[in-house]
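Two chains, each in its own frame: build the complex with the hints.
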Amino acid sequence: AQSVTQLGSHVSVSEGALVLLRCNYSSSVPPYLFWYVQYPNQGLQLLLKYTTGATLVKGINGFEAEFKKSETSFHLTKPSAHMSDAAEYFCAVTGYYGNNRLAFGKGNQVVVIP
Amino acid sequence: GAGVSQSPSNKVTEKGKDVELRCDPISGHTALYWYRQSLGQGLEFLIYFQGNSAPDKSGLPSDRFSAERTGGSVSTLTIQRTQQEDSAVYLCASSLSVRETQYFGPGTRLLVL
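As you go down the protein sequences, you meet chains A and B in turn.
The first sequence begins at 1 in the working numbering and counts up one residue at a time.
The second sequence begins at 1 in the working numbering and counts up one residue at a time.
Read the hints as simulated data drawn from the structure, not as lab findings.
Glycine included, every Cβ here is placed at the ideal spot set by N, Cα and C.
The reader is advised that the hints may include incorrect statements.
Derived contacts from chain B toward chain A, CB cut-off under 10 Å, selection only [stated by the list, open to error]: (1) G3; (2) F65; (3) S95; (4) R109; (5) L113.
Chain B extracted, bound-state conformation (with noise of 0.2 Å):
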């Protein structure tokens, strides 16, 4: 079956633009996370979403970064005013359910210039 995709897979933006990097999940997989991949810090949880409860907003580095989840299923992961630092690949990933295992997408991997 089709496996989480993520869009773009790869994106250029100038340092202060906006950008949206959107996560289609395993049809019937409940929950969602966002995970960030980069050099210096490795691979760092940023979101959780499960159902319709409020997201688990712990691991997000800033309040330019944000995330919402529609209708139980797309996710999109804004990040406003980019900084350099914020350049890393960006990693999808969603499970049956809050205990069975993450499947993750190929990322999107973002460069701010």
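Pulled out of the complex, with its shape left as it was, chain A reads as follows (with noise of 0.2 Å):
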């Protein structure tokens, strides 16, 4: 079984700051991560995930995420926060086998400030 924990459920940040976002995960298999941003009264868009390979994982709008083994975290980062990142962020996993369904976190919703 997969379990994914995003502590915090409201994260603020300045324009321009640092954006971080934590993701620590459980799994009895080798896992496939993912990391999915949702705006209000929208489905999920897929940020970016890692399944094998290279540990760094780079997505779209500037966001980058690293797989640590060691510390089972996926966690997320954009070097510089802009209005428009202002939603709802969600870590999820799946295990490389079986029917892939995701486990989701709780979410992080992300505030902006200008």
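If you want it as structure tokens, here you go:
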């Protein structure tokens, strides 16, 4: 079984400052890890994903995440926040085996302060 | 190309009524998932279809919930005798195959009065 922990439901960041969203996972099999973003009244949009290979993954809109197996983490970062980054962010995990159902964290609501 | 579409976008119903939610996956995608997003429970897996295989129904919360996928394409999620706790956003996702990226639709927002 897989699970994800995201701490801090609401995250405030100043425009131009570093965005850091933490994600820790639990998985009994090699994990596939994802970050999705959700804008108000919209579905989930994939930001980036890790399956195998390079542990530093770059995604859309300047976001990146690093898979650290020893820390069971997949934290999301962006060097400089933009007003358009205000949204809810979900970390998700699935296993290499099985039906690929996603287990989601509780999400981080990001507020960007001008 | 066209993404995953869902209808209706919003649905208001009375407690005890049945509702049907529709999902049109991306053409050619063999895997289809339903998730539910609610304030109390976050995002939860409901059911999974892959090709002609038997669906994985392990996430359905009660026997009032059922889903089918016709012709390996369109899927319908049915909730019978709706309860207020069924109020949530129901999201559909599809992927090319079982270990490919899941693409989500905009969701159906269900409100049970």
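Q) Against chain A, with CB atoms and a cut of 10 Å, does the hint on L113/B hold up? A) 20 Å, violated
Q. Measuring from the C-beta of S95/B to each C-beta in chain A, is the shortest one below 10 Å?
A. 7 Å, holds
Q | chain A contact restraint for F65/B - C-beta distance below 10 Å | A | Given a least distance of 16 Å, the restraint on F65/B is violated.
Q) Is the interface hint for G3/B satisfied, with its Cβ closer than 10 Å to some Cβ of chain A? A) With a closest approach of 8 Å, the G3/B hint holds.
Q) For the hint on R109/B, does the least C-beta distance to chain A fall short of 10 Å? A) Hint on R109/B: holds, closest Cβ of chain A at ~8 Å, below 10 Å.
Violated hints, listed in ascending order, are 2 and 5; each of the other numbered hints is respected by the structure.
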